[in-house]
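**Student:** Listed below are the residues making up each chain.
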Amino acid sequence: MKEGKGSFLAVLWWLLICFCLGILLILLAPKEARPSEQENRMLSGAPELNSQTFFDGTFFSGVEDYLSDGFFERDQVIDCTDSILSLFDLRTEEQKLIEKEAETNRLLADDAGGGTSAASTETVDNTAEKQVSASTATPIVTPVVTPTTPPTQTPAPTPTSTPTPTSTPTSTPTSTPTPTPTPTVAPTATPESTPAVQNTPVPTATATATPTLTPTAAPTPTATPIPTPYATMTPMPTATPKVIVPLGQDDEAYLYLIRSAEKRDENYTYPAEKIISFANSLNHLKTLLPEDGEVHYLQVPVAAVGIRLCIRNSQFIGWESTLEDALQSQVVNNVYIHNVPAILNDHLVSKETDLYYFSDHHWSPKGAWYALEAIMQARGLPVVGYDEYQYQRKLMNDNGSGTDDWIEAMYPLAPVRSVVLKNLTDEYESLLIDYRAKDYSAFLDGTKTPWRRFDTGYGTDRKALVICDSFGNAFVPYLLPYYDEVHMTDLRSSYYNEQEAGGTFSELVKYHQIDDIYVVLSTSNGINSPNSQEVFPELIAR
Amino acid sequence: MVFSSLTYLLLFMPLVVASTFAFKSVSWKNGVLLVASVLFYGWGEPVWVYGLIFLTSLVWLCATGMHRSQVKWKKQLCLALAVIAPMSVLLYTKYGGFLFSPVLKWLGLPIPAPGEMPLGISFFTFQIITYAVDVYRDDRLYQKSPLKLLLYISCFPQLVAGPIVCYRDISDEIDQRHTTPDDFVAGMKRFACGLGKKVLLANVCGQMVETVIANQAQYGMSVAGGWYMAFVYSLQIYFDFSGYSDMAIGLGRIFGFHYAENFNYPYISTGISEFWRRWHISLGTFFREYLYIPLGGNRRGKPRQFFNLLLVWSLTGLWHGASMNFVLWGLYFFVLIAAERFLLKPLLQKLPKLLKGITTYILVLVGWVIFYFTDTTQMLAYLGSLFGGGAVPLYTPQLWMVVCQYSVLPLIALSASFPIKNLFSETAKQRLQPLVTLWLTLVFVLSVMMIIGQSYNPFIYFRF
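Residue numbers (the working numbering), protein chains in the order written: chain A, 1 to 542; chain B, 1 to 464.
Just chain A, with the same shape it has in the complex (with noise of 0.2 Å):
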C-alpha cells in the first residue's frame, strides 16, 4: 500500500520525539533512589556499572528500571492510565468495598480455623458459614480496656474547655466510670489466633453477603463507654500571646545525619523563607479551631537509604534537628511541633532498628508509637503501652533487598468504624486493617480520599483532624483513644479533590466541629515540598 508523504514525515518526527525523550531522560533522571508514595516502594536510581553488574546481568535490568522509574511525571502518567483502565471498570464503588470485604472475612475465617483457601472450593456461603463460626469462637475481638487502678469519677472535658493554666474547664458529668491512665488489654488471645478484630461494618448490600460484620464490627460512638483520657490531662504550658521574632532571611534549619564525633551529613536544608511560609500555615490552622484548640506538627523523616543504610550497618550515632526549635520559634500559641528525629534518636541509638521497615521507607507502629507516646506524656494525658495493642502480622513483600520486613498493623483498642466521607456526609465503609496486604497499604487499608473519619466511642467529646501523608496511616489508631472522632485527609495535590469532598478545608473543619488537628508529615512531603508550600497553604486558606 501507497503510504504519504505525512505519514513519513509523521513517522520521522515521532522517533525524533522518542530519541530526545530517552536523552532527556538519561541527562534528568534522578541518580539517586528515592521513596515513592503512591507506589510504596523505593524506585529506582542509577545504577550502578562494574564486572559483577556488568556479567550478572544486573546492570543492564537495573537501567530498565532507572529509565521507567525515573521517568518524568511518572506518578501523572501512572495515574492517567489508570484513569483509562479504570473507564473498563463497571463495579461500583460499593461493589469493589463487599468484595475487598469479602475477602478480608475469607481471610479471617482461614486464621481463625486455622486452613488455608487456596484452590478451596468452598462457595461464598461456606465462607460466610466459616466466619460465623470464627466469630462465635472468640466473641470479642476488641481488646478491652481495663482500669488498673479504681476508676475516678473525673469528667470529661466538654469541647469548649481550655487546657490552659487560665481555663477553667466546664466539666459535664459523663455517666460512665473513668478508667485510668493505663489501660490493659485482656489477654485473650493472640493476634494470630483472634484476628477478627474491628471490621468495619459493611452497609446495606454487604449485610447479606458477609454477615459475619455486624456482630462484633458495628461500634457506634455511644456503644462502647470508654472513659476519657483527659480526665488527667496536664495542660501544656503556654504563655500569654507570644511575639514572634521572624527568622532572618538568611536562617536556616537542619536535619543532620550525625556520622561522627566530628562528622555530620547535613540530610535537609531548611530556608527561612520556606519555614516561615509553613508556620503561617500552622497560624491559620489554629484559627480554623476553637479557642482550646491545638495544632501539632510532626515531621517524620523517611529511612531514605543513606539513613537506613546507617541504621542497618551499625554505624548509626544519631541525628538532629534544628528545624523544630526554628519552627516553633514562628508559631503562635498552642501550635505545637514535636521533634520526631529527637524522640527517635535515642532509641535508634540504642539500636532499636524496628523503628524503620528495611525494604519499605516508611516507619514501623513502633517508630509511630514512640512519637505519640512522647506527644501525650508532654500533654500529660496517659499513654497506653505500645504491647498493650494487638497486631496483625503480615509479611511485607521482599523487595529484592534480601530481608523481609514484618508488617505489625494495629487493631484498635476498642471497635471503630471507619468511613470514607465524599460531599460533606456520603458515608462508605472502609477497612481499619486490611488483612489482604503485604506491605504498608495494610494499616488503615491505605490512603482513602478526599476525607475519612473514625468514630472511636471513647466519650472524650474532642474530635481531632489528621493531615498527613501514608506517614500518618500507623500513626492513627494510637491517637483513637484519645477522641471520639478521628478524621483524616491527605492533601497533597494528587489526593485532595475539594469538589469531591464537598466543600473547603476550613468548612470542613468547622462542619465536623474539629478540636485538634495533627499533622503529620515525612521529610519527602514535609516543609521543603511544592505540596507543603504552595498546594497546602492555598488549600488551607480556602
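Treat the hints with caution; some may be incorrect.
[To be verified] Derived pair list, reagent style EDC-like, types lysine to aspartate or glutamate, alpha-carbon separation capped at 16 Å:
#1 K148(B) x E173(B)
#2 K5(A) x D183(B)
#3 K274(A) x E252(A)
#4 K353(B) x E340(B)
#5 K5(A) x D182(B)
#6 K274(A) x E324(A)
[Stated by the list, open to error] To list a few chain A residues with every Cβ distance to chain B over 12 Å, as calculated:
#7 Q249
#8 A253
#9 E273
#10 I343
#11 S359
[Claimed, not checked] Among the chain A residues that face chain B by a calculated CB cut under 8 Å, a handful are:
#12 V11
#13 F55
#14 F88
Think of the hints as simulated: they come from the structure by calculation, not from any bench. Even for Gly, the Cβ is constructed at its ideal location relative to N, Cα and C.
Take the given structure of chain A and dock chain B to it, following the hints.
**Tutor:** Using the frame of chain A, we list chain B on its own:
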C-alpha cells in the same frame, strides 16, 4: 533487551534506525545492524553473546567444510556437527534439569536451573539448523562471510522470539536490499501495532487471567470461571506472541527484510490442522520441512505417517518448555490432528463451518489450559472443573465482579483477533490511512505510558 522497554523504544530503536538510514551501502547497513544485534542480545545476556558468536563460527566452519568437500560422507559429517553442536547446547541449557539430570549428575556436570537458559536459544538454534541444512541441500546458499552469517542468526528483530526465519528466505536480502519510505512507514506502523497488541491487550489480558485465578483460589473453581480464564488466556498468549511477531516483521521491513507472516488469525480456524497452519507458522514450517518431510511425511503409509506426527507433535510440545505439561500439550494436539486426519475427516466435511469453528476454538481453549499449568495435578483439577467434574458449581457470584472489572476489554481483544480489516476495500483502506496513522500514534503513546508503570513485562515466548 525487550521491544516493550523504554531503553529500546526511546534510545535503541531511534538510534539504530537513524544509523542504518545514514548509510546507503548495504555493507555498512549490515555492519550497523550486526553491531546493534550483538548489543541487543548482549544487553540481556552479556555472557551468552559469546556463546552465540561461538556457535555461529562453528556452523560457518561446518558449512565451509560442506561447501569445499565433494565427498558425501564428509558433507554429512559436517552437517551432523553443525546440527548436533547447537542442539547439545539447547538440550543442556533448556532440558538438562528436566530430562538428563541423572546423567549430568553422573558426569559431574552442573545441572542448569530452570529459567537460566540463554535468551532465545530455541529460536536461534533452529535458525542455525536451517542454515546448515539449507547449505547441505543447496550449495549455492553457502555464505562466504561469517559476519553475514552472524547477522542472519543474530539479527535483533527476530533473534529472541522469532519468527524462525529460514536462511534461504532472506539470503538474497542479506546481500542486496533497499528500503523505501513506504517500507519504513509500513514497518513502523506494524511495529506500533505489535507494541499495542503486547502492551495494551496481552498485558491487560494477563492481569485478567491473574484476577480470575486469584478469584477462583478465593471463592473456588466454577465451570464458567474455568472457561472464562481459558478464554482470556487464549487472548493473552495470542496477542503476546503475535504482537512480538508483528514488531519483528515491522522492524525487519524497516531494515529491508521481508519476513514471512507468523500468524494468520488462528482463532477463525475451522479445524485443528488449519489452526496450526495459522498459529506460529514459522515453527510449523520448520518442523514440516526439516523433520516431518525428511522422515517421510505422509508418503510412506499411514503407520509411518502416524509415527511421524507423534514425533513432530511431541517435539513441538517439548520445544515450548521443559515440563511435562508441554509434552502433554503437544500430545493433545497430536491426538486431535490424528483423529481429524484418520477418523473424523468425512464427518467434519459435512459439518457447517460455524460449528467447526466453535468446536475448534473450544478444543484450542482446552489446550491452553494444559499449556498454562505446569503443575500436572493443578492442571487436571482445572480441566475437570471445565466440565463440571468434582461437583464444581456452574458459576460463583464473585465471577461476575471479575467480568465487570474488565467489562468489554476481552470482547475488544477478541474482535481484534478477527480479520476485520479485510472487510474494507483497498480504496477504503487507502482513504483511511491518515486515521490509521493517527490511531497507531495514539496506541504507541498509550503503550509507552503503560510501560512506564510496569516494572517488568516479559514476553511469554521468551522462555521458549
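**Student:** Next step is simple, just say for each hint if it's right about the structure.
**Tutor:** Here is how each hint holds up against the structure:
Straight-line distance between C-alpha atoms of K148(B) and E173(B) comes to about 11 Å, which keeps the hinted pair within the 16 Å bound. For the given pair, K5(A) sits about 12 Å from D183(B) by alpha-carbon distance, which is consistent with the 16 Å threshold. Using a Cα cut-off of 16 Å, the hinted pair K274(A) and E252(A) holds, with the two alpha carbons roughly 9 Å apart. A hinted pair counts as satisfied when its Cα atoms are at most 16 Å apart, and K353(B) with E340(B) qualifies at roughly 15 Å.
Restraint check: the Cα-Cα separation between K5(A) and D182(B) comes to about 9 Å, which is no more than 16 Å; the hinted pair holds. Between K274(A) and E324(A) the alpha-carbon distance is near 13 Å, which keeps this suggested pair within the 16 Å criterion. Even its closest Cβ contact with chain B, about 40 Å, leaves Q249(A) beyond 12 Å, as expected for a residue assigned away from the interface. The beta carbon of A253(A) sits about 36 Å from the closest Cβ of chain B, which is more than 12 Å, so the claim that it is off the interface holds.
Every CB of chain B lies more than 12 Å from the CB of E273(A), the least distance being 34 Å, so the non-interface label holds. For I343(A), the shortest C-beta to C-beta distance to chain B comes to about 35 Å, beyond the 12 Å cut-off, and the non-interface label holds. Residue-level check passed: S359(A) sits 15 Å from the nearest beta carbon of chain B, beyond 12 Å. Checking V11(A) against chain B by beta carbon gives a least distance of about 5 Å; that is within 8 Å, so the hint holds.
A hinted interface residue such as F55(A) counts as satisfied when its beta carbon comes closer than 8 Å to some beta carbon of chain B; here the least separation is about 6 Å, so the hint holds. This hint holds: F88(A) has a C-beta 5 Å from the nearest C-beta of chain B, less than the 8 Å allowed.
Every hint, counting from the list given before, is met by this structure.
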